[in-house]
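Number of protein chains: 4
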Amino acid sequence: MRSNYFYFRRISTRWKDNDIYGHINNVEYYSFFDTVINLWLLETGELDIRDGQTIGVCAESKCRYHASLAFPEEVDTGLRVVHIGRTSVRYEVGLFAADSSQLAAEGSFVHVFVDKKSREPAPFSDKLRAAFQSIYLEVSQET
Amino acid sequence: MRSNYFYFRRISTRWKDNDIYGHINNVEYYSFFDTVINLWLLETGELDIRDGQTIGVCAESKCRYHASLAFPEEVDTGLRVVHIGRTSVRYEVGLFAADSSQLAAEGSFVHVFVDKKSREPAPFSDKLRAAFQSIYLEVSQET
Amino acid sequence: MRSNYFYFRRISTRWKDNDIYGHINNVEYYSFFDTVINLWLLETGELDIRDGQTIGVCAESKCRYHASLAFPEEVDTGLRVVHIGRTSVRYEVGLFAADSSQLAAEGSFVHVFVDKKSREPAPFSDKLRAAFQSIYLEVSQET
Amino acid sequence: MRSNYFYFRRISTRWKDNDIYGHINNVEYYSFFDTVINLWLLETGELDIRDGQTIGVCAESKCRYHASLAFPEEVDTGLRVVHIGRTSVRYEVGLFAADSSQLAAEGSFVHVFVDKKSREPAPFSDKLRAAFQSIYLEVSQET
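For the record, the sequence lines run as chains H, X, R and G. Its first residue numbered 0, the first sequence is counted upward by one per residue in numbering that gives the first Met the number 0. Its first residue numbered 0, the second sequence is counted upward by one per residue in numbering that gives the first Met the number 0. Its first residue numbered 0, the third sequence is counted upward by one per residue in numbering that gives the first Met the number 0. Its first residue numbered 0, the fourth sequence is counted upward by one per residue in numbering that gives the first Met the number 0.
Hint data in this document are derived by calculation from the structure and do not stem from the laboratory. Hints are supplied without guarantee of correctness; some may be wrong.
As the list makes no split between identical chains, a pair holds if one copy fits it or if it spans any two.
As the list claims (entries may be wrong) - When the alpha-carbon atoms are kept at most 20 Å apart in a straight line, the in silico SDA-like pairs for lysine to any residue are as follows:
id, residue 1, residue 2
1, K61, R49
2, K126, A96
3, K115, A58
4, K126, S99
5, K116, A69
6, K116, A66
7, K115, E45
8, K115, S2
Using the sequences and the hints given, assemble the complete structure.
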């Protein structure tokens with residue numbers, strides 16, 4: 000399964016990520032999605048956090064939880080793109096305990112690119128489209 | 000739309016909820032889901048955070064973002080149940096800026112009840128089933 | 000002790016605020032400080048989150064923890080000012096479980112006001128100074 | 000300055016750590032303190048998160064902010080102990096942008112060890128005391 004994700008970052012967990020049941024709270028998983036996506040976007044050179052005119056806004060996200068994760072373990076976070084539109088893109092994210100091949104959680108995240116001021120949808124650049132294609136996986140069923 | 004949610008709590012927002020784009024970060028919405036669900040469970044008397052033998056574990060969650068929310072506004076968080084199984088339940092959550100009738104986000108959240116020690120699925124009590132039924136809404140399509 | 004704080008806001012807690020030991024994690028207390036301070040600044044009309052040229056940057060913060068707080072209880076958060084400089088101000092914050100007179104935690108927080116672009120210290124307005132004076136308490140010893 | 004901290008961990012930052020002003024929110028720094036302390040305690044073998052009878056409770060914390068940190072940079076987090084009591088210990092933490100020698104923030108954090116059930120102070124073991132001594136730095140002035 001790891002081989003179906005094309006960009007990986009290892010994310011360290013924090014003491015307070017664990018909730019009262021002793022595992023990383025379900026909410027925090029989305030923070031890993033958000034983080035790996037933006038790390039990748041920054042690496043493409045097409046996301047300028049401070050001065051960019053186009054920003055990515057989350058339109059939809061989803062997570063299926065398969066196995067628990069817990070501080071102090073680190074999380075290998077894998078990224079791929081499964082749909083590329085004109086102003087939006089759907090990413091999928093896989094979370095694995097560090098060095099594990101067992102998928103702990105599967106996420107889905109839709110970014111709509113909008114103008115920072117007007118918040119109107121803004122088509123993304125050809126360079127960004129090519130970057131999306133470089134981590135694209137064709138998937139047969141709706142996720 | 001507010002009338003299709005049967006239990007409401009107003010949640011205050013925090014300065015750090017706003018991310019660099021000036022709105023509540025997409026991750027934090029899930030914290031509102033998690034909070035309203037557990038507040039409601041506590042009110043049913045069927046969730047004992049400290050000493051209970053059965054706990055609810057999140058198996059799946061989802062959010063569709065329709066309009067942005069931002070600190071300092073407060074968030075009216077509405078809850079309903081749309082599927083009741085033997086050991087699991089699907090809730091739906093609606094987020095509204097305080098006193099607004101405009102749906103800012105729609106969430107879905109599946110709890111599987113498990114034994115705290117063994118983490119094996121554990122059927123929930125009749126009392127809890129009745130509580131779920133009291134906030135149940137029949138929905139025609141998959142969400 | 001509540002009477003020594005001059006501005007109060009009730010902050011709701013969230014499920015994930017509780018850490019593995021069943022109480023609100025020590026980190027989150029600072030979020031309550033940050034929140035009540037910015038709520039108060041917004042009410043003075045002197046903080047413009049989006050378009051203001053002057054922003055408050057935290058130079059120092061501190062907390063003494065006296066009693067635990069836990070979700071689902073709400074937190075009454077009281078604010079006062081104990082030192083007013085030319086470009087900086089020291090606030091003190093008291094946290095109380097809702098309606099309780101027992102001080103659960105005492106915080107201290109220094110804001111330095113700086114120009115948003117240059118990050119150079121920027122003297123605050125007379126109107127803001129008057130607002131600080133309206134919630135000022137003279138304290139005899141270092142806190 | 001790095002040489003005055005004796006245990007280091009690199010912590011990755013997350014997209015939502017950045018607040019509306021584009022830097023890591025002041026609150027999150029305390030999460031780095033909390034994390035490095037508990038990582039170190041786990042390595043000593045004297046902290047058993049799940050089954051231990053003695054837990055460390057935060058009695059006081061403090062931070063001086065010298066320079067801003069921001070996602071996506073990683074944070075080198077250094078730890079030392081500056082006071083060892085019978086049931087309590089004071090740690091100091093230094094935060095540095097990855098590979099930087101410039102101190103971005105200085106933290107102080109007091110743990111009181113208590114019995115998990117009774118919450119009464121509990122003297123820590125000789126083994127833990129020896130571990131504290133192994134990262135001890137004598138400091139001349141109050142911090």
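Practice item. Find the hints from earlier in the document that the structure breaks and name them by number, from lowest to highest. Key: Failing hints, ascending: 1, 2, 4 and 8.
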